[in-house]
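Undergrad: Sequence:
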Amino acid sequence: MTDVSAIAAAHGFELTGSREMPDIEGAAHVMAHAASGARLLYLENDDANKAFSITFKTPAADDTGVFHILEHSVLCGSEKFPVKEPFVNLLKTSMQTFLNAMTFPDKTMYPVASTNERDLLNLMDVYLDAVFRPNIYNRPAIFEQEGWHWELEGEGDNRALVYNGVVYNEMKGALSDPDSVLFDALSAALFPDTTYRFESGGTPAAIPTLTYEGFLESHRRHYRPDNSYIVLYGNLDLDRFLAFIDEGYLAPLSADERGPLAPNPLDLQAPVAPAPRAVAMRTAPENACAAVGFVAGTAADRERVVAADILMDAIMGSNEAPLKRALLDAGIADDASGYVVDGLAQPFAMVSLRGARPEALARLQEIVAAEGARLADGGLDRELVRAALSHAEFVFRERNFGYPDGVVLAMSAMNSWLYGDEDPTAYVRLGEVFAALRPKVEEGYFEDLLRELLLQNDHRAAVEVVPEGGSDLDEEKAEARTVAAALGPEAIEKIEADVAALRAAQEAPDDPAAVAKLPQLTRSDIGPAPAEEPWEVAEAAGMTCIRHRVAAHGITYAYRYFDLAGVSFDELPYVTVLAGVLGRLDTARNTAAELDTLVQGRLGSLRFFTEVHENVDDPAQLRPTLVAGASALSENVAWMAELAREVLAETDFSDIDRIRDILGQQRIGLEQSFSANGHSFAMARASSYCLPAGVVRESLGGVDYYRFLRDLLEHFDERAEGLAAKLEALARRLFTDASCTLSFTGSDDDLARYTAALEPLSGPAAPAVLVVPEPVCRREAFVVPTDVTYTAMAWDRRRLGLPYSGVWLLAARILSYDYLWSEVRVKGGAYGAGFQTTRAGACRFYSYRDPRIDETCARFGEAGSWLAGAFDPTETEMDGYVVSAAASMDAPAKARELIRRQDGMYFAGYDLAARARVRDEVAAATVDEVRALGPAVDAVAGAGCTCVFGNGEVIEAAQSGLTVIDLLSHEGNPL
Numbered sequence: 001m002t003d004v005s006a007i008a009a010a011h012g013f014e015l016t017g018s019r020e021m022p023d024i025e026g027a028a029h030v031m032a033h034a035a036s037g038a039r040l041l042y043l044e045n046d047d048a049n050k051a052f053s054i055t056f057k058t059p060a061a062d063d064t065g066v067f068h069i070l071e072h073s074v075l076c077g078s079e080k081f082p083v084k085e086p087f088v089n090l091l092k093t094s095m096q097t098f099l100n101a102m103t104f105p106d107k108t109m110y111p112v113a114s115t116n117e118r119d120l121l122n123l124m125d126v127y128l129d130a131v132f133r134p135n136i137y138n139r140p141a142i143f144e145q146e147g148w149h150w151e152l153e154g155e156g157d158n159r160a161l162v163y164n165g166v167v168y169n170e171m172k173g174a175l176s177d178p179d180s181v182l183f184d185a186l187s188a189a190l191f192p193d194t195t196y197r198f199e200s201g202g203t204p205a206a207i208p209t210l211t212y213e214g215f216l217e218s219h220r221r222h223y224r225p226d227n228s229y230i231v232l233y234g235n236l237d238l239d240r241f242l243a244f245i246d247e248g249y250l251a252p253l254s255a256d257e258r259g260p261l262a263p264n265p266l267d268l269q270a271p272v273a274p275a276p277r278a279v280a281m282r283t284a285p286e287n288a289c290a291a292v293g294f295v296a297g298t299a300a301d302r303e304r305v306v307a308a309d310i311l312m313d314a315i316m317g318s319n320e321a322p323l324k325r326a327l328l329d330a331g332i333a334d335d336a337s338g339y340v341v342d343g344l345a346q347p348f349a350m351v352s353l354r355g356a357r358p359e360a361l362a363r364l365q366e367i368v369a370a371e372g373a374r375l376a377d378g379g380l381d382r383e384l385v386r387a388a389l390s391h392a393e394f395v396f397r398e399r400n401f402g403y404p405d406g407v408v409l410a411m412s413a414m415n416s417w418l419y420g421d422e423d424p425t426a427y428v429r430l431g432e433v434f435a436a437l438r439p440k441v442e443e444g445y446f447e448d449l450l451r452e453l454l455l456q457n458d459h460r461a462a463v464e465v466v467p468e469g470g471s472d473l474d475e476e477k478a479e480a481r482t483v484a485a486a487l488g489p490e491a492i493e494k495i496e497a498d499v500a501a502l503r504a505a506q507e508a509p510d511d512p513a514a515v516a517k518l519p520q521l522t523r524s525d526i527g528p529a530p531a532e533e534p535w536e537v538a539e540a541a542g543m544t545c546i547r548h549r550v551a552a553h554g555i556t557y558a559y560r561y562f563d564l565a566g567v568s569f570d571e572l573p574y575v576t577v578l579a580g581v582l583g584r585l586d587t588a589r590n591t592a593a594e595l596d597t598l599v600q601g602r603l604g605s606l607r608f609f610t611e612v613h614e615n616v617d618d619p620a621q622l623r624p625t626l627v628a629g630a631s632a633l634s635e636n637v638a639w640m641a642e643l644a645r646e647v648l649a650e651t652d653f654s655d656i657d658r659i660r661d662i663l664g665q666q667r668i669g670l671e672q673s674f675s676a677n678g679h680s681f682a683m684a685r686a687s688s689y690c691l692p693a694g695v696v697r698e699s700l701g702g703v704d705y706y707r708f709l710r711d712l713l714e715h716f717d718e719r720a721e722g723l724a725a726k727l728e729a730l731a732r733r734l735f736t737d738a739s740c741t742l743s744f745t746g747s748d749d750d751l752a753r754y755t756a757a758l759e760p761l762s763g764p765a766a767p768a769v770l771v772v773p774e775p776v777c778r779r780e781a782f783v784v785p786t787d788v789t790y791t792a793m794a795w796d797r798r799r800l801g802l803p804y805s806g807v808w809l810l811a812a813r814i815l816s817y818d819y820l821w822s823e824v825r826v827k828g829g830a831y832g833a834g835f836q837t838t839r840a841g842a843c844r845f846y847s848y849r850d851p852r853i854d855e856t857c858a859r860f861g862e863a864g865s866w867l868a869g870a871f872d873p874t875e876t877e878m879d880g881y882v883v884s885a886a887a888s889m890d891a892p893a894k895a896r897e898l899i900r901r902q903d904g905m906y907f908a909g910y911d912l913a914a915r916a917r918v919r920d921e922v923a924a925a926t927v928d929e930v931r932a933l934g935p936a937v938d939a940v941a942g943a944g945c946t947c948v949f950g951n952g953e954v955i956e957a958a959q960s961g962l963t964v965i966d967l968l969s970h971e972g973n974p975l
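Taking full-length UniProt numbering, the leading residue of the sequence shown gets 1, the next gets one more, and so forth.
Check each hint, because a few of them may be wrong.
Stated by the list, open to error - Derived CB-CB ranges, DEER-like:
1) 270 / 529: 55 to 61 Å
2) 858 / 911: 39 to 45 Å
3) 802 / 716: 45 to 51 Å
4) 277 / 369: 17 to 23 Å
5) 369 / 635: 39 to 45 Å
6) 763 / 553: 33 to 39 Å
Calculated directly from the structure, the hints in this document are not laboratory data.
For each residue, glycine too, the CB sits at the ideal point set by N, CA and C.
Let's have the full structure, built from the sequences with the hints guiding it.
TA: Here's what the structure looks like:
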């Protein structure tokens, strides 16, 4: 067994504690670095997907977003790696399975992960040099680029002084979301005297008040070893990693040489209960929202915080949860949600309303008090609490969070470690908390907690966001013109010179000698592809069965794919309505509330959704499906079969009021997603202009579905009876074993027990009637409530007669992380931009939280020429692109992700051998092969299929010939 104490001591660390960790099948070792004061946690287990992270305590002291800007800026070059974008170089050239940085309300985290130990050491080297020795002190342009700077736009009387910067534009987009504004307002009300009253990401109004000097001072005071928390995770050579960290970084940065530690304070807030407050926001009337918040204790109160989270899930986690049902029945909002906000010194419970009616805040407080009292005084269903507890434990053990385990667990460690150096394993060891809480369900613990949290809490607040007309850009532009008009010739000349200097710095190539200092892998580092168990196709219970042999650690997964060929094109939106209400209405056996409790208690998940599968070679071969997906522990596999079948065959569609609630929630969710995630909708809409599959997806879930949904809700009363009958008829037509393909993951015994419990869905497959209209190329812009824009262009590669190969995967990576990163993000100020291509033909450009449209479209239009001509990598640079592209195909996947990927491959007519060929093509790709795709990339932009979501004024000012549509009012007018 490894002598961790001796290894730690050899490299300047003192081992302060070790313990076995059954929840991660390993152990935890806590250390302190004597010379520098750095803290280190090693989570030791056999996971090959190793991880490193370093976190700094960074409580905000204002709304300037200084720590957010620092998070971006330190990754723009350092003493050892003096290139402009080492972060992007790592994205382009490493085997990373995770590479990012995150700003939280009170900390900044820099996590990386890789399955290759040498690669992880390289990533760690770049990150440690970035945080401790960044180039921000000798390159002010980094602050201007990532934070903010002035630019002059227009001429004469229309000349305006405008702000630009990556973080500035990111936060303009983020704070166009009413949910974000509501959260900030509630945090400020609950914590008026502590760091949590500030927006750590920065507000557009305050970001330009941050000075370069203040920016540097914040780094000096906070990015220190004695203010750091390091986490190592997985199966790694501890001696090698500790030696590297000590000798390269911590030993040379002793605490004595840096002076006393004086970070911004991270204090606890004394209880407050301020009067309800309203915050005005320029947004659509439909975006009114309200919330109440209740502080649950401190981060040290682990059991109480976890129990509060379980309690909130029990009373607010579904439409039938008692408090949420009371709020929906009151008709005060389109939707309600409730959860615990943790990862703070003082976690709090939040109950919020979306699409709130006038006076909703007062009614929200009344209903929370009345229903809370009813539940606390004997009305809380303990079976519901047990179910919520079981569900929380399932989610904890499955760990299907979209991040590598080492990153997730590092975040969990910070939930306690940051606050008074509490045990860093506290929130990693939740298995023991669930075990301790289980008997307390019968002891009245959760009723007492509900009473203390919601009824007797003297630390609470209530806020609402009140929409008002106009846009923040109206005021911003008027002010910009006024300021510009007051500028003298010298001031104008200085601003123009500063912008020119920034552009010159952005466009200057990196010194080849500096590039050579970056850690670099070569093609020889690409090992064999990770072994992947192929699926088998067999018969089970009279259905075609995709049989997976994926290691799922005692969890079974079953997906039933029901073919939609028997549905006409005009009926497709009703299929999405059907999927949305399944599992949320009464059945012949259970009420919706009883069903919800059974699902929470017996299963990990039960979901119904639509999905479109397309053949990789033939765009006409489409297979849209309605999917019933379920997961459960092996011992509950029979429940997985029975509950899914009950919903499919026995749902009662007569409860029109509940259906109206569900559809109203869909509407408000879509409307807010249009503003917050407009790039996804823009790409999907642009794809519908050129791909048959895109046409179907729009009808099932895009703009076309939204229009259908809004019209249905506006005429709901007269259509309600017909809707219920329509859903009943669709369910009978679709849900038959004859039209179903089953995907199953589990042991042979699991499958036998599943099929034994599976009552047949009898009936023939419906005759094929689906005819998909031909795509029509359009140029559309949808006005939505946001201060930024999202632009997408799309085309079908197959129309160019070009097959898919690994070279396309490589080209997409090169365009995204080289050309588009530089042109649209760095120079243009957008938060993100990229190029995507799929095996099924789609090629798409996109930008994200972008201040510009015309300039972005122009850059898209020049991308192919850049690829064909200006792209001229050295052999080392090309090897880096190849290594990272191959690694992206090899990244470890959780069981659920792997199963869904293999199911998609099966329906697309694509097997593991074909996937291996693509990987081989990536590994062997040449510069000439990449350049040869330039004309095809040009054709994507040249086709003109363009979709924009965004701010109306920015759209109206664009000269791109777009048909403008106010999406929330359906009014269209060509520019």
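Undergrad: Of the numbered hints stated previously, which ones are contradicted by the structure, given in increasing order?
TA: Nothing - there is no hint that the structure violates, so all of them hold.
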